[in-house]
Each structure stands twice: as structure tokens, then as C-alpha cells.
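K.L.:
Sequence:
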Amino acid sequence: MSKRLIWILIIFMTFALVGLIILQGYWLRSAYKVKDDHFSQQVSRALSEICNRAEARETILEISNEIFSLNNGVQNIPVLYRINNPNALLLDSTKKQIAISRQSVLFNQTNSQHSNTKITILNNDSVLFNKVISKCKPDNFCKTISQIDITKELQKKNKTLFVEKIVNKLLNYNEDVSKRIDKALLNAIIESELKNQGINIAFEFAVKNIDGKIAYSSSNYKNNFSDIYKIQLFPDDLFLPPNYLLLYFPKKDDFIVKSLGYMSISSILLTLIVIFSYTLTLVIILKQKKLSEMKNDFIHNMTHELKTPISTISLASQMIKDKTIEQNLKNLDKIALIIEEESKRLGYQVEKVLQIAIFEKGSFNLHIKDINIHDLITDVYSSFLIQVQKCNGTLTTNFEATNYYAEGDEIYLSTALLNLLENALKYCNKEPEIIVSTKDTKNGIIISVKDNGLGIGYEDQKRIFEKFYRVHTGNVHNVKGFGLGL
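All residue numbers for the sequence shown refer to the numbering used here, where the first residue is 345 and numbers rise by one.
Check before you lean on any hint, since a few could be wrong.
[Stated by the list, open to error] Listed below are the simulated BS3-like cross-link pairs for lysine-lysine, each with C-alpha atoms no more than 27 angstroms apart in a straight line:
no.	residue 1	residue 2
1	794	347
2	770	786
3	539	379
4	770	794
5	688	639
6	566	595
7	523	557
8	379	634
9	651	770
10	696	806
11	595	379
12	665	639
[Said to hold, decoys possible] Label pairs and their in silico Cβ distance ranges:
no.	residue 1	residue 2	range
13	358	661	40 to 48 angstroms
14	584	528	19 to 27 angstroms
15	784	810	28 to 36 angstroms
16	786	630	19 to 27 angstroms
17	678	746	26 to 34 angstroms
18	726	777	29 to 37 angstroms
Hints in this document: simulated from the structure, not taken from any laboratory. We treat Cβ as the ideally placed atom computed from N, Cα and C, and that holds for glycine.
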């Protein structure tokens, strides 16, 4: 896949992912706004019901107080006049008593025999009994006083006065709001109405006057709360300064998010999965692209590494076959030595590639046994010392470990140590100084190779164990290698 095609694919995938995230974000925001508006409507309905209940309670309380006061006054009204004429009948008791105010009834139609007979109902709250003058003689003037007629009239006037009294008292209320409805009762009403609206979360409230002074509030209420719901308490007060109920929900956002349900959770989860998949795909594409570039570099380096010994062997064979050169001048021993060394070099490079193939397939077998690490280092030291000396360098050992036995494969450990020494020698722009040392640890032994070479940058250190990776120096590699040693 070409570099251009890869970048086009990445751009399209990125646009698609960003568009998906924007759409999901817009949908979630719209859903949240709908739920928030619904929540506000529920709170508004609850606040209206709270005010209605507070006013209704106050009205009922005043009516109850008036009725209680009225009933107490009815029970203690004395009888001031009685009809004592033997020709008149007066019942001293009745089943129904009616309270009246500022009204009087006077029986003033009498004849000579009943001139002293009268019925008077006093002013200022008296009781009218069901009295009927009966058993009259023919020469007497009789008149029946109907309780129903008088009762209806008195009830009508009494009801009017009663209602007027209650309304006047409610309109001219001059008590502090904390006395009109106490904190505990208001808290109970708020909680009840919120539950009726399906809002079962914690809340804080306060009652303020028009000047912003708090009459009382819940324990955790603070003046710096935002997103507060507000309504006037006792809105029918015409002549009193208004008082306001303020309501705040600390966990409103959590409640709304929770109310969105599993759809929002699944939407977010799917979006995260898409983002993760996109990121993973992008990383794999870029990694494969980098691997492809490193393989191309490997093939390029391998070609040069193999071409050199092949060219040398080819040149040596041509010298042997060249008949124009006398046999005594050909120096066959030297040519044979060159061919042998180049053949070994060629075989060594091929062996490296084969080992990598074996490692990739996982088909290699480790021969684990107890190894004397110091002896292993000494053997490698002996075989590599000549190469160091050719570069006028030094190779020394520093054995500090006392427990120098370990389990491992002797061949692979030797190869790993040899690769480190080769890198120390190759990547040095002056006379090499290489030190191989050992140290004890709690769980084993540490083998370290220290040199005075170029060093490896911090970013490159993370990738030195990657296959085919070599420290980037542009298109020029002054040091030959495949990036396979480590």
C-alpha cells in the first residue's frame, strides 16, 4: 500500500469518526436538554402545589379558629325572658341552636289577655329557640313563629359576616412568614409534592423576603447556589411584601443523566468502542508501514552485506582461473584464506536471517542447563578480543558476582553477549573501551556491557529491541547491520 493511499484512508477514517462523535454528542445534549426541561416543569408544578397547600392550610386554620370561637360563644347564652302566661305554650329546649349577631325579633301582636306576653331576642349574639305559641282560645290572637324562615335569614346574614371576617383577617395578615408556616412543615410539604412529581432526590430550600433576607433555610443551603427554582409564597397577599421560596437540587445533573437510561450509556459505550477500534487500526497501519520501511532497509543492507563477500569470492576465483598470471605469483594460500573468511562471513549473515525466521515461527528449542556465567563470558571474551585489538581498543572483564551460576541456553546467551560486543565495537567513533561485568541480585545475576560509543537516544531506546530497527540516520548508514542483533 502506497504512502499516499494510507494517508487518504486515515483522513477519511478520521472525518468519519469525528462526525460520529459530533452526532452522538449532539444527540446526548438534546436528550439531556429535553430531560432538563421536563425536570423544570415538574419542579414548577410542585412549587405551585406547595404554595396552594400553604395558602389552603392557612385559610383552613383561620376558619377553624373562627368556628371554634363561635361555638364557644353559643354554648353560654342565658335565657332572659320567658312567656309565663298560662294560655301560652313555651318549649324551653330545642334540638338546634343558631348563633346570630346584632339581630332581634319582637313579638308585638298581642290582645288584652296576652298584653304581657312577648318574645325578645337580644342583640349581640343570642340564641333563637324553636318556640311555637299553640293551644289558643277562640278569642285569642295566635301567631306561629317559624324557625325555618328566621333560621334561613339569620344563616344567610351570619354566613356573609363570617366570610367577611375571615377574608378581612387573611387580607390584613401582618405576621412574619416563619410564624405563618414553620420550617419543618414546609420541608415536609416540599418533599411530599416533589415525590408526587416523581422527583426523589435531595434538595435545599430557603425562604427570603423581597430584600433578600433569609427568614429560614435548610441546613446546607448557601447563597452562592446557581440554577435555583423560585416562587412567591402566599401569592394572594395583596397588601403585604412578598416572600419567596427558593429550591435547589445538588444532584440534579446526576438525576437527569440517570433518567436518560441505558440508551445514553450504550451510545457512549459504542462510541468509545469505535474510537478504540479506530485508534488500534491506525496504530497497526502506521506500525505496518514502519515495518515495511524497515524491511526495505533490511533488504538494502542485506544486499550490500552479502554482495561484499560474494564479490570477494568471485574475484578470488577469477584470479585462480586467470592463466595470464603465473602460478608462483598467484599466492594460492592467501586467496584460499580470503575465500574461507568471506565464506564464513557470508554464512554468518545467512545464519542470522535464519535465526530470525526460527524465532518468528517459534519453532526453536532451548537447551536449558546450569551455566557458569563467568566461564561463558570468558569464552566470548577470548573469541572477540582480536577484533577489539584490531581497532586499538581494550576489552576487560569485572566479575563481582559470587553466585554466578544460572539456568539458560548456552548458545543463545553467547550469541546475545556477542551481539552486544559487536554493537559496542561498531558504534564507536574512537578507540573502543569495553567492560563486561557481573553483579549479584536477589533473584540472580546481572551481566552488563559498558562502552564509550555513540550512545542511543532516549526515544530510540524504546525501540532497540524491535525487529529490523536501527537508529535513524537518514538514508546513510556508515555502520553496516540488519537491525537483528538485539
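K.L.:
Each hint needs a verdict: does it hold in this structure or not?
P.N.:
For each hint, the structure was consulted:
The straight-line distance between the Cα atoms of residue 794 and residue 347 is roughly 40 angstroms, outside the 27 angstroms bound, and the hint therefore fails. Between residue 770 and residue 786 the alpha-carbon distance is near 33 angstroms, which puts this suggested pair outside the 27 angstroms criterion. Distance hint between residue 539 and residue 379 is fulfilled; the C-alpha atoms sit about 17 angstroms from each other, no more than 27 angstroms. Between residue 770 and residue 794, the direct Cα distance comes to roughly 14 angstroms. Compliance with the 27 angstroms bound is thereby established for this hinted pair.
Annotation: proposed proximity of residue 688 to residue 639 holds, straight-line Cα distance about 24 angstroms (limit 27 angstroms). Of the supplied pair hints, the one linking residue 566 and residue 595 holds, its CA atoms being roughly 15 angstroms apart against a limit of 27 angstroms. Proposed proximity of residue 523 and residue 557 is supported: the alpha carbons are some 16 angstroms apart, at most 27 angstroms. With a C-alpha separation of about 49 angstroms, the suggested pairing of residue 379 with residue 634 is violated against the 27 angstroms cut-off.
A threshold of 27 angstroms between alpha carbons decides the hint, and for residue 651 with residue 770 the separation of about 20 angstroms falls inside it, so the pair holds. Taking the CA atoms of residue 696 and residue 806, the gap is near 23 angstroms; set against the 27 angstroms cutoff, the hint holds. A C-alpha spacing of about 14 angstroms is found between residue 595 and residue 379, which places the hinted pair at or below 27 angstroms, so the restraint holds. Taken as a hint, the residue 665 and residue 639 pair is broken in the structure, with Cα atoms around 38 angstroms apart against an allowance of 27 angstroms.
For the pair residue 358 and residue 661, the beta carbons lie near 58 angstroms from each other, so the given range of 40 to 48 angstroms is not met. For the pair residue 584 and residue 528, the supplied restraint of 19 to 27 angstroms holds, since their beta-carbon distance comes to about 23 angstroms. Against the hinted window of 28 to 36 angstroms, the Cβ-Cβ separation of residue 784 and residue 810 comes to about 31 angstroms, which satisfies the hint. Against the hinted window of 19 to 27 angstroms, the Cβ-Cβ separation of residue 786 and residue 630 comes to about 40 angstroms, which falls outside the hint.
Between residue 678 and residue 746 the Cβ separation comes to about 48 angstroms, which falls outside the hinted range of 26 to 34 angstroms. One distance hint, 29 to 37 angstroms for the beta-carbon pair residue 726 and residue 777, is violated here, with the actual separation near 18 angstroms.
Checked against the numbered hints above, the structure breaks hints 1, 2, 8, 12, 13, 16, 17 and 18 and satisfies the rest.
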